[in-house]
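Here's the letter readout for the chains.
2 protein chains.
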Amino acid sequence: MRRRSWWGWGWEDQALTSEQKQSLAGAVGARLGLSDIEVQSPPDLDAAVLPPPRFEPPAALARLCSTEPFDRASHTYGKSFRDVVRGFNGDLSPAPSFVAYPESEADVVALLDWCASAGAPAVPYGGGSSVVGGTELAGGVCIDMTRMDRVVEIDRASRAARIQGGALGPVLEEQLRPEGYTLRHYPQSFEFSTLGGWLATRSGGHYATNYTHIDDFCESMRVVTPAGLVESRRLPGSGAGPSPDRLFLGSEGTLGIITEAWMRVQERPVHKSSAGVRFETFDAGVAAVRALSQAALFSANCRLLDPGEAMTAAGVADGSALLVLGFESADHPVDAWMARAVELVQDHGGTLPEGVRTSSGEGAAGAWKGSFLRAPYTRDALVAMDVIVETFETAITWDRFGALHASVTDTVDKALAEVCGGGWITCRFTHVYPDGPAPYFSVVAPGRRGSLVQMWDEVKQAASEALLAAGGTITHHHAVGRDHRPWYERQRPDLFADALRAAKSTLDPSGVLNPGVLFAS
Amino acid sequence: MRRRSWWGWGWEDQALTSEQKQSLAGAVGARLGLSDIEVQSPPDLDAAVLPPPRFEPPAALARLCSTEPFDRASHTYGKSFRDVVRGFNGDLSPAPSFVAYPESEADVVALLDWCASAGAPAVPYGGGSSVVGGTELAGGVCIDMTRMDRVVEIDRASRAARIQGGALGPVLEEQLRPEGYTLRHYPQSFEFSTLGGWLATRSGGHYATNYTHIDDFCESMRVVTPAGLVESRRLPGSGAGPSPDRLFLGSEGTLGIITEAWMRVQERPVHKSSAGVRFETFDAGVAAVRALSQAALFSANCRLLDPGEAMTAAGVADGSALLVLGFESADHPVDAWMARAVELVQDHGGTLPEGVRTSSGEGAAGAWKGSFLRAPYTRDALVAMDVIVETFETAITWDRFGALHASVTDTVDKALAEVCGGGWITCRFTHVYPDGPAPYFSVVAPGRRGSLVQMWDEVKQAASEALLAAGGTITHHHAVGRDHRPWYERQRPDLFADALRAAKSTLDPSGVLNPGVLFAS
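So the sequences go chain by chain: W and P. Just so we're aligned, residue 1 is where the first sequence starts under the working numbering, counting upward by one. Just so we're aligned, residue 522 is where the second sequence starts under the working numbering, counting upward by one.
Incorrect hints may appear among the rest.
Claimed, not checked - Part of the chain W face toward chain P, derived, beta carbon under 7 Å:
1) ILE154
2) HIS206
3) THR209
4) TYR377
5) LYS460
6) GLN461
7) ALA462
Said to hold, decoys possible - The calculated label-pair distances, taken between Cβ atoms and stated as ranges, are:
8) ASP216/W / ASP534/P: 43 to 49 Å
9) GLY228/W / GLY891/P: 49 to 55 Å
10) GLY547/P / ASP216/W: 33 to 39 Å
11) MET522/P / ALA520/W: 55 to 61 Å
12) GLY942/P / GLY228/W: 31 to 37 Å
13) ASP410/W / GLY891/P: 38 to 44 Å
14) ALA27/W / ARG878/P: 26 to 32 Å
Derived by calculation from the structure, the hints in this document are not laboratory data. Here a beta-carbon is modelled for each residue, glycine too, at the ideal position from N, C-alpha and C.
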């Protein structure tokens, strides 16, 4: 049976081959100026030491629970760089006591009841793709939701589907496809993250403009809290008081476990138009994207890569910035939309060396999507080479983007020089809004074996301080978890935190849900 | 000086003339089968009795406060039918003790501090256009925000403006216009409601599709709560925990007073295309609008009137339903958008007797907008004729719209027959979403002098029960206030109410803010 990696990304059999690793080592070594990169072998689970559990599964729920080493090990961490390094080193000290796999809402209720009575901290777990320490809690009870993965009901008139929270991206898309629908929500973690996880962390999706956060596709939800069930009414829109759903969107497993949601689905797009637009400078690209974002054309794709990203991700070797621009529709050809977008980017100095590609039917974006989804496997291979490789992201209004970009780049450059003796940082926009972009930074640097986590933590600390000082958010779509909490606590209004804490005390009176996430435990 | 009506809608000098009233009496009499409609004279403030105040303005704040009869009388009610009837009858029993007009955030803080120390209930008041009893509290302290009405700052790069909460629609638009911008948020109350009121009640705006609730245009806000100031960070998007802004959007003055917000503004549209599309039946129009809403064309206007509304509002005499369809853009001609929309509506049996009208520049929608904004003055005239005239609204997914419409229409027809001996109900869509419409119902019926409020309350009760039973929301954009609370309490999840109450206890520990709204006092 195909098996997930217990320490790294995705499927074990999808990891880079030895040949691919050697080729990668050569390329990265050349870029970082390292001559002798050693590629270490993946860790051996049998050699890793699991800590004794703090809690044993209760007899009444034993059928749902596993204390198997593979289950405990593979649920120990999320998938950030620091997670993968620790897993790769065989450090399993924060392993959960056991992993529970509920099969029904009643199971979730029973599990939370038991956790509350036993004082056992419960960690809701979807696909385990958190990059912010959202699921890491030593000795906790990990509640893995992936057995609750059904599309339960489809309302064709309203184009909505009732989907269980534990459905992984491909699992829910497989069930929607025969019906002619798609949720069309493709975070990079698509294959290894769940609907419930997306909702709990306000995941950012496929669309680069207009509705993109999962928040906007959620019609209603069912949430099991330790205090009882919360179910919101299915409504296309409402003005009746503060939105109940918005309390749980972004709650990161601290208020309840999302067992089901009615989601707005879509027909599969058949009309597509795409173009690669080059700009002499990143700044010129930024100005063009700003104009696009304010023209209400609602491009599906609008991803601007700085020259460094354009080179590594798309092979653009002439120092240009690259805008990946795309329109799509299930209803109508999008030529007029693309034509106006091309005018706008050309007004800002953009050129289209390969013109506009129009297609009907699916598959056009397949290649890009494939490489996008494979990137984390490459990251794992770099970890085996003691290379530091990580990303962080934010959002900022247009007026302050230039200063934020300069300050973050400068700060991280200096930190890399000091901590790592070199390395590089690049930037892209993953999403854009009329009032600002969501910049996404990638860092690659040489690391020292045994110190990778500490080295990255130092760089990340500097980057986070720079982000916050420049007015950004500590996260646009990676969530807060445990890792971002110090900056989140300074970003969010103090009285809002007090109000949210009061809400949590109501819904989770014994404080068993994901302690340490969003709030100090 | 031009003066607001103390008992009815808008400006005193904009009320219908005697001639207009007589003509209206004739038309309504014919429609309702009443031969001898008497048009009563407007009430006289000098003859109305104001109750003794429960609280006196404190000396330190006396400069901000008024106990003038006109101020107390004109701040007694909102502008629902039951409000106007009671004002028209000179019933001022729920008048506030006094009206305070803060001029700065410090004034708001001082007022709330005093209210908390004196145990005086504070009622945040914008333009006073609530139709749900949102500002009615006998003996309370009415905090009228309209002196805080400045556009404080404009960020041209991000197209955003920092605007004080007390700015009425025309006041903020006047300040944005010289800069080339518009908020383009036009609820029917546009002239007599404020930004802070829109945010606090999740107002529904101009756009019929895509972003339309004021929620979507809010980048950040400053809120004075009794516990202190809450200010959220300006961000185009964020995934850092539950949104702080969403706690206050829809809070209806129960958690704090919104003193400022950064709002996403827009360039003024110059390309417009509009069409009146007729359908033989309302159902055919509904099917066409559903297709439009799911095509991602994002029409600015998409208002479907049933045959009754089409006749009274647009003079369509052949029994057709009418779709008012429009596209607009500040950036590009919208012909391709309209062309596809026309194909779609024609596929569903729509016809365009007057074709498509394309225009550049503003003013095209002026006539419709004028009559839309004048409707409440007509309502006031009907009150003087003992005619019951009111609206209510909801939102519902497409799959359940047919049943909701049938049930509500049938229920209200029966209630009107029983309570009023006749009358009619009509329906339009004010907003549409991919997963459902926001139906807006209008009722006109003969009333008996002295019993108008009780008669309408009976009909409204039946209508609200039918809405809730059919799965709708008690309000899509009119808010909850005091009038909708019984149904709101059944609609929202109980545990969410507990969580919200806990948040309120944190922000408003002595419970002085708008007691009776959203929560039982």
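Evaluation of the provided hints:
1. ILE154: With a minimum Cβ separation of about 10 Å from chain P (threshold 7 Å), the hint on ILE154/W is violated.
2. HIS206: Interface hint status for HIS206/W: violated (14 Å vs cutoff 7 Å).
3. THR209: Since the shortest Cβ distance to chain P is 11 Å, the answer is violated.
4. TYR377: This interface hint is violated because 24 Å lies over the 7 Å limit.
5. LYS460: Constraint on LYS460/W not satisfied, violated at 16 Å.
6. GLN461: violated (17 Å)
7. ALA462: violated (19 Å)
8. ASP216/W / ASP534/P: 43 to 49 Å: This hint holds: roughly 44 Å between Cβ atoms.
9. GLY228/W / GLY891/P: 49 to 55 Å: holds (51 Å)
10. GLY547/P / ASP216/W: 33 to 39 Å: violated (49 Å)
11. MET522/P / ALA520/W: 55 to 61 Å: holds (56 Å)
12. GLY942/P / GLY228/W: 31 to 37 Å: Since the Cβ atoms of GLY942/P and GLY228/W sit about 47 Å apart, the hinted range of 31 to 37 Å is violated.
13. ASP410/W / GLY891/P: 38 to 44 Å: For ASP410/W and GLY891/P the Cβ distance comes to about 55 Å; the hint is violated.
14. ALA27/W / ARG878/P: 26 to 32 Å: At roughly 60 Å between Cβ atoms, ARG878/P and ALA27/W fall outside 26 to 32 Å, so the hint is violated.
Checked against the numbered hints given earlier, the structure breaks hints 1, 2, 3, 4, 5, 6, 7, 10, 12, 13, 14 and satisfies all the rest.
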